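Engineer: Here's the letter readout for the chains.
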Amino acid sequence: MVPPRVAAEDELIRRAQTGDRAAADVLLRQHYDRVYAIARRITGNDADALDATQDALIAIVRGLPRYDGRAAFSTWVYRVTTNACLDELRRRRRRPLPTEVVPDALSTGPETQWEDMLAQRDELDTGLMQLPEQYRAPLVLRDVIGMDYAEIAAALELAPGTVRSRIARGRAALANALAGNQTDPLDRQRERDD
Amino acid sequence: MIDEERDELLARLVDGQALPGDEEALAADAGLRDELELHRALRSRLAIVPDPPGPDVRDALIGRALDELAPVTLDSGSEEKTHKTVRSLHGRRPAPKGAWLAAAAVLVAVAIGLLSLTERSRLEQFMAGEEAERLAVVDEMAEEEASAEAGDMMGLMAEENDSAVSAEALEREALDGDAGFVWPPELDGCAGDLEGLIPIGGDIRFVDDGPAGLLVELTDPAQPGAPRFVWVDSSTCEITEVDDADR
Numbered sequence: 001m002v003p004p005r006v007a008a009e010d011e012l013i014r015r016a017q018t019g020d021r022a023a024a025d026v027l028l029r030q031h032y033d034r035v036y037a038i039a040r041r042i043t044g045n046d047a048d049a050l051d052a053t054q055d056a057l058i059a060i061v062r063g064l065p066r067y068d069g070r071a072a073f074s075t076w077v078y079r080v081t082t083n084a085c086l087d088e089l090r091r092r093r094r095r096p097l098p099t100e101v102v103p104d105a106l107s108t109g110p111e112t113q114w115e116d117m118l119a120q121r122d123e124l125d126t127g128l129m130q131l132p133e134q135y136r137a138p139l140v141l142r143d144v145i146g147m148d149y150a151e152i153a154a155a156l157e158l159a160p161g162t163v164r165s166r167i168a169r170g171r172a173a174l175a176n177a178l179a180g181n182q183t184d185p186l187d188r189q190r191e192r193d194d
Numbered sequence: 001m002i003d004e005e006r007d008e009l010l011a012r013l014v015d016g017q018a019l020p021g022d023e024e025a026l027a028a029d030a031g032l033r034d035e036l037e038l039h040r041a042l043r044s045r046l047a048i049v050p051d052p053p054g055p056d057v058r059d060a061l062i063g064r065a066l067d068e069l070a071p072v073t074l075d076s077g078s079e080e081k082t083h084k085t086v087r088s089l090h091g092r093r094p095a096p097k098g099a100w101l102a103a104a105a106v107l108v109a110v111a112i113g114l115l116s117l118t119e120r121s122r123l124e125q126f127m128a129g130e131e132a133e134r135l136a137v138v139d140e141m142a143e144e145e146a147s148a149e150a151g152d153m154m155g156l157m158a159e160e161n162d163s164a165v166s167a168e169a170l171e172r173e174a175l176d177g178d179a180g181f182v183w184p185p186e187l188d189g190c191a192g193d194l195e196g197l198i199p200i201g202g203d204i205r206f207v208d209d210g211p212a213g214l215l216v217e218l219t220d221p222a223q224p225g226a227p228r229f230v231w232v233d234s235s236t237c238e239i240t241e242v243d244d245a246d247r
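Line by line, the protein sequences are chains P and L. First residue of the first sequence? That's 1 in my numbering, and the numbers climb one at a time after it. First residue of the second sequence? That's 1 in my numbering, and the numbers climb one at a time after it.
Hints were generated in silico from the structure; no laboratory data involved. In this text the structure is predicted, and so the values were computed from the model without any measurement. For every residue, glycine included, the Cβ atom is placed at its ideal position computed from N, Cα and C. Just so you know, not all the hints are guaranteed correct.
[As the list claims (entries may be wrong)] Among chain P residues calculated to face chain L with C-beta under 7 Å, some are:
hint	residue
1	21
2	24
3	28
4	36
5	37
6	40
7	58
8	124
9	143
10	144
11	169
[Claimed, not checked] Heads up, incomplete: computed chain P residues facing chain L, CB under 8 Å, no partners named:
hint	residue
12	19
13	26
14	32
15	41
16	53
17	57
18	62
19	167
20	168
21	174
Could you put together the complete structure from these sequences and hints?
Structural biologist: Below, the structure written as structure tokens:
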């Protein structure tokens with residue numbers, strides 16, 4: 001028997017696919033927070049996250065008629081969102097960096113909890129931005145959204161083994177970046193073993 | 001353990017998907033335990049996402065996205081629901097019903113005009129074809145007439161004369177109410193008086209005219225060779241018997 005919640009979502013999807021604005025509105029609101037979270041973590045700043053969120057929402061609406069139900073709707077939504085974010089990153093490379101990301105801010109000592117939080121946020125964003133996109137996307141889907149490896153593999157159209165490997169390497173690289181070590185984690189590992 | 005294996009072991013431990021032997025490897029490696037703690041802390045930090053912008057921004061983003069919704073035919077929507085969809089898609093009210101009716105009337109008028117032009121063209125083509133056919137028949141008749149012999153032509157002329165007489169008789173019948181006589185203009189008003197004089201089966205012939213009347217010969221089949229002559233005064237329609245000597 002199909003759980004009522006899934007049945008309700010299926011009905012919403014069916015109505016949205018036939019042009020029902022109210023149904024599409026409900027679907028977008030259900031996934032909005034996670035869409036924004038993915039965008040925020042992949043793009044690394046609020047302004048680009050908003051642009052990527054808008055692009056993702058539009059891509060979801062435009063792609064609704066093509067959603068065939070083979071993957072979970074949420075998996076499909078996050079795949080569309082990830083692609084929108086990566087597109088936004090490619091566009092961003094062609095324009096100046098926003099002033100929001102200021103790595104130099106880390107050099108000034110935080111004096112309050114608020115400033116400390118902002119500093120950590122900037123630090124994390126900076127660390128994520130140093131990750132190659134192929135590591136960043138699966139890491140965000142795993143650690144920010146909480147998707148399991150199979151879902152991430154479906155969302156990114158990768159083999160599950162590749163997803164596991166990229167998440168592991170991404171975490172190691174991010175940890176390395178936050179520790180102030182700019183070398184590749186594999187290099188650091190070799191140095192430690194020596 | 002190679003580096004890639006070490007990273008994957010850490011990932012499994014962080015994600016709670018440890019395989020048999022992973023815990024033993026962790027227990028035997030203090031550095032691995034430190035890294036595991038680092039990765040867990042990192043995951044916790046990643047999970048904390050800055051709050052999204054306020055509801056106004058959210059509503060604007062979602063509203064803008066919904067403007068891209070494909071206007072597919074609504075399965076159970078009422079007219080009002082359709083209008084709402086149109087308003088939401090285009091941000092304006094749909095045209096009033098009167099405007100749609102006016103537009104439909106214009107379209108119908110244009111369609112009728114086009115049909116009329118087409119029909120007229122077809123009719124003209126048909127008429128042109130008929131005229132050509134008629135001319136062809138006339139030409140054929142002319143050729144036949146040209147090739148006919150003189151006797152035939154005379155016969156035809158006679159027939160035509162007969163036809164003309166018949167036509168004249170019919171015309172006379174229409175004018176006088178009787179067949180067989182052509183009343184001279186001078187006797188237009190005297191026809192009724194003269195008709196009473198014609199014997200049954202007899203005939204009437206206008207022999208001569210004078211300054212004030214006409215001499216009429218009446219023949220009776222019962223008395224062949226003994227015609228009767230009367231003088232008709234054209235102004236008074238007075239009829240006077242005329243002896244053969246007077247005539």
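Engineer: Which earlier hints can't be squared with this structure?
Structural biologist: The structure conflicts with hint 13 only, although it agrees with all the remaining ones.
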